[in-house]
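Undergrad: Two independent chains are provided; combine them into the complex using the hints.
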Amino acid sequence: MAAAEGGKIDPMHQFLIEPVLGRHWIVGGYDLSFTNSALWMVVTLASLWLFMLGGMKRELVPGRWQAAVEGFTGFVSSMLTSNIGPEGKRFIPYVFSLFMFILFANILGLLPFGIVPGVHPFTVTSHLTVTGVLAIISFAIVLIVGFGRHGFHFFSLFVPHGTPPLMIPLIFVVELMSFLVRPFSLGLRLFVAMTAGHILLKVLAAFVVNGINLGGGYIALVTLPSFLLMIGITLLELLVAAIQAYVFALLTSVYLNDAVNLH
Amino acid sequence: MDPQAAKMIGAGLAAIGMGIAALGVGNVFAKFLEGALRNPGAADSQQGRLFIGFAGAELLGLLAFVTMIILVFVA
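From first to last, the protein sequence lines are chains Y and X. According to the working numbering, the first sequence is numbered sequentially starting from 1. According to the working numbering, the second sequence is numbered sequentially starting from 1.
Only chain X is shown next, with the shape it has when bound in the complex (with noise of 0.2 angstroms):
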């Protein structure tokens, strides 16, 4: 395969990582509200934890771009 090419179908395929990142922040606020629901009480001071994993789950999909951009750009 022309080294272009695989470079740019390695970019697509990286992609796909950024959409199951998104499952996985839409998974930490699914979670949080529903538990926020059943205990309102108790939701405000869990509001540190929802951002760090937020941004452990963000994180990952982040890195899948940062794959891409390399794909793209630097290799």
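Extracted from the complex, chain Y is given alone in its bound form (with noise of 0.2 angstroms):
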């Protein structure tokens, strides 16, 4: 663990993007280099494609990989018409192609790469850059979708049935504000998480190699307990890592509900 270095505990320095290599490639003042991050997003695409391939085999009997393969489109497509209704289906690539990324990129950040000298594990999602895109491009089609079917009578999503004519200004504007602020919500809240989890490991895991270092009654005293609270919250962030994609797709198909079927 390079975070207790000098009994130091560094928390933040596994969220920062370096090149791979270490090398620089600027263009035009811009710095073009090929990042760990995007490295991640790489090994991201590559397993979510080699798991896909494993499971697209069509058989009548499927084997347990298809059964795993048709388990995830199974979800999302019946997440999908549960909240939008059988004009659902058109949204299935989207969400499902949002919900495998954002599920993959969760737990290859959490997976213990780090056992093997010179791989340092990086979580994607875990900057807001990443998440924020996703969350605008999510808005971008509710948008799109929205206007698109209904023209400017989309509008109408921020009255809701039976205001009285008094409070229609009033709702009209608490409406807008919290349809705007969506995408901020929905990129924000998969960053924090994944961040603030991250975090919470690193500091437990400097306090089991502090308490090492340390040696005598610290072992007993502060590196068992941290180590046993630490498998724990590991579990726990496998539990979030999973609760958050799924909460990012479940979002996006309510705002779609928003678009395609207004309220």
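What the hints contain is simulated information worked out from the structure, not anything from laboratory work. Relax, there's no trap hidden among the hints.
Straight-line C-alpha distance at most 20 angstroms; calculated SDA-like pairs for lysine to any residue:
1. Y:K8 with X:V72
2. X:K31 with Y:I243
3. Y:K89 with Y:V260
4. Y:K8 with X:M8
5. Y:K89 with X:S45
6. Y:K8 with X:F73
7. X:K7 with Y:M12
8. Y:K8 with X:I69
9. Y:K8 with Y:V203
In this text, all values refer to a predicted model and were calculated from it rather than measured experimentally.
TA: Set out below in structure tokens:
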């Protein structure tokens, strides 16, 4: 653990974006080097591609792998049909890619690749730039679908049925604000949940290492409880990784429902 | 007061918000279970709403964390 060098805890170092192999590639004042963030996005895509490739044999009696892939596709498709209705089928490709990318990125960032010398795992979704772009794509699709289907009638989304005429200006502003804040809350939730979990894990890992370095009673007093707690928190983080991917896809489908059906 | 000390005290106060958000998240699941055990037949169809409520409660706790991080590392 690089975080515990010299007994000083530096839990933020794991989020540093740096070029792979340490070489910068600067074009016209912009740093376009291939960073560890880009590398782990490629790893995420490659593992997702392998996972899907193994399960797309279309056998009549599915094997284990195909059953796993069909479990995920069935899960996303039932989520969309229950939230949007029969028209939700059109959004399955987008929401499925979103869900699987976030899920794989979250879980790959948690796996203990650090025990291999020279390999530093990196959680792609622990950066607001990545989750923010995903949220903006979702929000843009909601806007395009909403304005494409309903034209300017889409603005009736901000005035719920049965609002007293006197209240319409106030309700319109409140609903508009809650609509505009959606991409921020969507991106921020995933980014902060991942960042907080990884900071917590790194701090506990530093406790373990520092306790061993001090030796004596510190091992029983600090290292052992921290290590047990760390196992529990790691399991919790695996749950959070799945829940955050689910929540992102679920909220995207709820927002798409607003755009497709108004309300 | 020394600005650095004030920042750290503010960050510590922001941590209270996370504890209160924990109460909120617990409340979401507690009320869901309470309702689900009374009417198990309707529980599965409401799972999506459970997680929407969870996401809303959790977000406010995460905002407390963001406030803390901004106070310690940015401000």
